[in-house]
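If you're matching them up, the sequences are chains D and L in order.
With the UniProt record's numbering applied, the first sequence covers 1 to 316.
With the UniProt record's numbering applied, the second sequence covers 1 to 316.
Don't read these hints as lab results, they were simulated from the structure.
Hints should not be assumed to be uniformly reliable.
For identical chains, the list gives no copy identity; a pair is met inside one copy or between any two copies.
Below 20 Å or equal to it, Euclidean Cα-Cα: the simulated DMTMM-like pairs (lysine to aspartate or glutamate) are [stated by the list, open to error]: (1) Lys313 x Glu48; (2) Lys263 x Asp30; (3) Lys57 x Glu309; (4) Lys241 x Asp283; (5) Lys26 x Glu48; (6) Lys249 x Asp192; (7) Lys219 x Asp298.
Spelled out, the chains give:
Number of protein chains: 2
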Amino acid sequence: MDVIVGEKDKVLIIGATGYLGRRLVKASMDLGHPTFVLYRPEVASDAEKVQMLIGFKMQGATLLQGSLDDHNSLVSALKQVDVVVSAVAGNHLRHAVLEQLKLIEAIKEVGTIKRFLPSEFGMDVDRMEHAIPPGAYVFTDKRVVRRAIEKANIPYTYISANCCAGYFLAALAQLGHFMPPTDHALIYGDGDKKCIWVDEDDMAMYAMMAVDDPRALNKTLYLRPRGNILTQMEVVHTWEKIIGKELKKTFVSQDEWLSSIDKVAPPLQIGVAHLYQIFYHGDLEFEVEGPHGVDSNDLYPNHKYVTAEAYLKRFA
Amino acid sequence: MDVIVGEKDKVLIIGATGYLGRRLVKASMDLGHPTFVLYRPEVASDAEKVQMLIGFKMQGATLLQGSLDDHNSLVSALKQVDVVVSAVAGNHLRHAVLEQLKLIEAIKEVGTIKRFLPSEFGMDVDRMEHAIPPGAYVFTDKRVVRRAIEKANIPYTYISANCCAGYFLAALAQLGHFMPPTDHALIYGDGDKKCIWVDEDDMAMYAMMAVDDPRALNKTLYLRPRGNILTQMEVVHTWEKIIGKELKKTFVSQDEWLSSIDKVAPPLQIGVAHLYQIFYHGDLEFEVEGPHGVDSNDLYPNHKYVTAEAYLKRFA
Chain D
1 MDVIVGEKDK
11 VLIIGATGYL
21 GRRLVKASMD
31 LGHPTFVLYR
41 PEVASDAEKV
51 QMLIGFKMQG
61 ATLLQGSLDD
71 HNSLVSALKQ
81 VDVVVSAVAG
91 NHLRHAVLEQ
101 LKLIEAIKEV
111 GTIKRFLPSE
121 FGMDVDRMEH
131 AIPPGAYVFT
141 DKRVVRRAIE
151 KANIPYTYIS
161 ANCCAGYFLA
171 ALAQLGHFMP
181 PTDHALIYGD
191 GDKKCIWVDE
201 DDMAMYAMMA
211 VDDPRALNKT
221 LYLRPRGNIL
231 TQMEVVHTWE
241 KIIGKELKKT
251 FVSQDEWLSS
261 IDKVAPPLQI
271 GVAHLYQIFY
281 HGDLEFEVEG
291 PHGVDSNDLY
301 PNHKYVTAEA
311 YLKRFA
Chain L
1 MDVIVGEKDK
11 VLIIGATGYL
21 GRRLVKASMD
31 LGHPTFVLYR
41 PEVASDAEKV
51 QMLIGFKMQG
61 ATLLQGSLDD
71 HNSLVSALKQ
81 VDVVVSAVAG
91 NHLRHAVLEQ
101 LKLIEAIKEV
111 GTIKRFLPSE
121 FGMDVDRMEH
131 AIPPGAYVFT
141 DKRVVRRAIE
151 KANIPYTYIS
161 ANCCAGYFLA
171 ALAQLGHFMP
181 PTDHALIYGD
191 GDKKCIWVDE
201 DDMAMYAMMA
211 VDDPRALNKT
221 LYLRPRGNIL
231 TQMEVVHTWE
241 KIIGKELKKT
251 FVSQDEWLSS
261 IDKVAPPLQI
271 GVAHLYQIFY
281 HGDLEFEVEG
291 PHGVDSNDLY
301 PNHKYVTAEA
311 YLKRFA
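Excised from the complex, chain D in its bound form (with noise of 0.2 Å):
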């Protein structure tokens, strides 16, 4: 890992007990970073997230009780800390992207946190507004938080994640599932658009190494593990290596995919509108372009991320 060697800023992770806040928490406590974590009174009623935020302290973290509803306990958290990292929901389940606005106002009040990385890890949202819907209000959002913290000169790295291994790559992308088939496969068109599929652990040790990096102030990271921007097809030949099995293969043209829609249920719809973007439409086929864009290869060269192979093995 390059990390910068030092006294540790102070992180605090907001969304800490969800599918990539979890990750965050224990990434930069392995980082050394002292760690808080906010969680809301309401999640006293709920067992298992008690336990996870019970596990985050036993493992050194430091719970801290708020809300994004709460202004001053937001103020009192964040003069604890140096940096901000938010992991809030931002899926199809459970979309709480704008709620931090409410965020942006506490820091800016503060005025004392170094880094402010929102709520963002998927596809780089200021290059989706052509997207479709009903897939596209997740960019929107996600838009309209990072102007609002660019209006009030709030120190930021957004974190371009693209395509989680677990929702993505563990199931060749094939919608609604998350273990790879034995038999057969959707192919999108002809299955040859680079797609970006980054293990999950990753994607949260790569922001957490960003957060006190000064080459990341001011600049859309993403993260693009060499070896893992691969089409789809490249990913079906891998997992067919694995099994040493080929197969079927049924090939969904644009027209196909996209009049799917109609037949699946609301939050498939938005899946469907996802994949469109990647597989059919390419929106993951663009080089880094500086000033403001960053490569997680250029920054961190040596971090061993997780391959796509790699991954797939797990499942065999």
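Given chain D, work out where chain L should sit, using these hints.
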């Protein structure tokens, strides 16, 4: 730990991704049992459960696809193991206790299973014939499973684990809360009925120590960590000592408590009924009786269980 040295029985865990199931998998592997995990094909649509399963596999467990509804899959899985431990859901959110009757049929057919632990992990259901609705059905259904096991002459151990620390102790038995209050607590009656508070990791470890212990064959093993047999008031005082503050207390009479059943949502009604059994009716106030009952203190006196005080200190 008191473990039998020698070749270890192969263990199949059913319900492995659940609250207790995941702890049973860990305890099984910690004790060196070759550990097999049954997972339903539908799990592929739950990314979090898939990742938990893959985590088990990476730690050495063998994943077997199957389902209680697929007899052949059960028979095939059972032929690979010596012991079966079931942790199918038996709570107010999901209740799959009676589905174990299908498992019992398959165990009977295979005929080689040396020990079956059905999903119990609560109060001794054979002592709960007097239980009040709507909480009684849990006990009733578990009794049906016990009788089916005995009728099929399947070697068994029933784990009467008493009260999960995370659900009972964490909030000093305040209904629907799982963090200890710092201002005010409801006290049931005079708070003087003995309860038995058991950390879930200890529950799993005791259960897994019993699977190949001849002293637990065809017995009910009562988990009764000596120092954790405490009244609600004793637990409240322990917490008050930890935080150095006296809580305000509202003493609730039995009639008041029972009348509250109609005032809460259905899932909580079950909780009200179960708390009545323990804290008013005193259903955990009994001594273990032979020859069918054995006490965890007698079998595993050296197991270092989590004390109620140590558990509550995590929250301070």
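Going down the list of hints, with the structure as the test:
1. Lys313 x Glu48: between (30 Å within a copy, 18 Å between copies)
2. Lys263 x Asp30: neither (44 Å within a copy, 47 Å between copies)
3. Lys57 x Glu309: Cα proximity of Lys57 and Glu309: across copies only (17 Å, versus 34 Å in one copy).
4. Lys241 x Asp283: neither (27 Å within a copy, 59 Å between copies)
5. Lys26 x Glu48: Result: close both inside a copy and across copies, 17 Å intra and 17 Å inter.
6. Lys249 x Asp192: within (14 Å within a copy, 67 Å between copies)
7. Lys219 x Asp298: Within one copy, since 13 Å is at most 20 Å while 63 Å is not.
Violated hints, listed in ascending order, are 2 and 4; each of the other numbered hints is respected by the structure.
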